[in-house]
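Chemist: For reference, the chains in residue letters:
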Amino acid sequence: MTDKKPDPRRPDETFEPFEATRRIPWPVYSIAIALAIWGVIMLVQTSTAVQVADKAQTEAAKQEPTKLAQAAAPDLDAGKTLFADNCATCHGDAGEGVTGAFPPLHGSDIVKLGGAKAVTQIVMRGIGGKLNVNGESYEGEMPAFGSVLSDTEISEVASYVATGLNDDAKTISAPEVADIRKVAGDMDPLDGGAGLAGLINNLPAQPESAAAEKGPGSERVAQLVSQGSGTVWACASCHGDKGEGTETVPRLAGLPAPYLAKQLHDFQKGTRPNDSMAYVAKGLSDQEIVELANYYATMTSPSGAKPSLEGDLKRGAQLAKEGDWSIGVPACFTCHGPSGVGVAPNFPGIAAQQPAYVAHQLAMWAGGARHNSPLGLMAGIGKALNDADRRAVADYLASLAPMPAMDKTELAAMESNIPVREGVDQ
Amino acid sequence: MNRYLPLAITALAILALATLFLVIAPGMQISAQGPTSGLKPYTEAEARGREVYVSLGCLYCHSQQPRSLAQAPDAERGWGRASVAGDYAYDAPHQLGTMRTGPDLMDIGDRMPSQAWQLTHLYQPRAISSWSIMPAYPYLFTHKDKAGPDDVVVKLPAKYAPKSGVIVAKQDALDLVKYLQGMTRQYAPPKDGLRDNGYALIAEKQREATDATKASN
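Chain order of the listed sequences is A and B.
Quick note, the first sequence lines up with residues 1 to 426 if you use our numbering.
Quick note, the second sequence lines up with residues 1 to 217 if you use our numbering.
Just so you know, these hints were derived from the structure itself, not from any lab.
Please note that the accuracy of each hint is not assured.
[Claimed, not checked] Short derived list, chain A residues pointing at chain B, Cβ under 10 Å:
1) E247
2) A331
3) R391
[Said to hold, decoys possible] Away from chain B, derived, C-beta distances all over 10 Å, residues of chain A:
4) I33
5) I37
6) K80
7) A94
8) A184
9) K282
Here a beta-carbon is modelled for each residue, glycine too, at the ideal position from N, C-alpha and C.
Pulled out of the complex, with its shape left as it was, chain A reads as follows:
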């Protein structure tokens, strides 16, 4: 048995482990071809998509200069539309005004004397103080539209008021509005008739300027707002020097004092959860809360908000003005006042509020994280609105003019009602 017999199970020495060449089965071919076709289709689709986008962008870029070219002569029809959208709620469709409440713009001695230039100043800065128009006395609480309307829009609406509603021949062009904005764009609202007197010559008798009275403790409040205390941060460090807010930090200027005081008390008690504000509110005394609420209620500032959430502004306007009963949502303005300027003491102004803040709060109402509204009103509304609706309404409100500040006499009358103890107005 010297010779080893080859094991029959093992292959022959010459065996090479090649597979015989076989044809590639047709499914493999077809899958490869299908993949290739799909790839090409995707490439073509993407390039069309990019082309479509490019085209839309160049068109948008083209429209800008044409708009500029038109600016020299303001479009009065556009002015009429703007008037209907922004001014007619208060001043009436034909600018007839409401006796004792809103001054007339049609046949108004102020418009006649001041012309389009004065109207531009008033539209841009707003009015905060008593004034006389055609011999009648008015409270003069007009919001500033400077940050809401563009130079072109202001020139259109001011020209319409001067020439369309009155017989003045002079219009005002967008570059002229831009010049006025450079000087007056950031200024406080005109101080009623006294402020107008500095603007228009030969003005008929106007009431005296009621300069802001500095109450006791106002220095302490100013200190709190700009410096904070030993343990509490300055209000202005987040809410801005003019109380205008940013992103999820809300605008405070012009909100009703009782509302602000209630929120601070709710932060203190934890019924409105927010870690940073709970920290701040716990460091404040009841007296400081009242003073701070008054401070911000009587403050006016231009809007710092701009639509930024890609919301559908038309849908937002519908929700704000009419509501949507198919989802059980009433119009925002039924409670929060015409143009969202707020109804003291319980309903805060929502016009010119930061859109991220509004959308965030609506989501918090819906989720139950915020639950301190009277009768749980906002919880139901928050739940009914979907994500796109929340963004739409937040963006629309951000496009409105800010609420005028609360009148000082009105505030004094209300001061006794500011809740200091818990649950007063729940």
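Chain A is fixed; fit chain B onto it per the hints.
Modeler: What follows is chain B alone, placed relative to chain A:
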């Protein structure tokens, strides 16, 4: 399977194609963008603060890239608009981050613009939010008996304040806060900011077409 040459060539070709389309081409596209107009280069203090940010490893818990509205409700959270390539033009290395253990910080300068808040929060996050899991950074601060004229004193509640003396921010803390305050991207994004708005437009057109057919039926 002994045809090494064709195998090697195919493998290298695939690698080359992948590198070309995933690295080189996007790199060229992005570098052609340049910084977004409105984006400011870092100031000296901000640049130093950025070094602190990098050294503390903030990146491991915080991203700096808000998503678009189609992807996440970041804008509603106040995290700002979706970022575009040009927003990172001055960042090398970028601090995009992938983890969102904490909130996105791209727009922290808008959400929390307060220097005092930031200092308190860095010294002891739990002084503000008892549930916070963010580490405290006490070594960015010093304990002094009395604050000097230029010292920035940290505002602290009694529970976290020292028994005597004050807590004062070191330069590192001040720089880091400057960097955080500077993180605002509120300017409008460029129209060609390398976001795939092409698909959004096509979807819009398709929606219009279906609406039109619905209306005609």
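Chemist: If a hint holds in the structure, say so; if it doesn't, say that too.
Modeler: For each hint, the structure was consulted:
1. E247: holds (4 Å)
2. A331: violated (22 Å)
3. R391: Constraint on R391/A satisfied, holds at 7 Å.
4. I33: The claim stands: I33/A keeps its Cβ more than 10 Å from every Cβ of chain B (closest is about 19 Å).
5. I37: holds (19 Å)
6. K80: holds (29 Å)
7. A94: holds (36 Å)
8. A184: Non-interface label on A184/A holds, nearest chain B Cβ at 24 Å vs cutoff 10 Å.
9. K282: At roughly 8 Å from the nearest Cβ of chain B, K282/A sits no farther out than 10 Å, so the non-interface label is violated.
In summary, the numbered hints that this structure violates are 2, 9.
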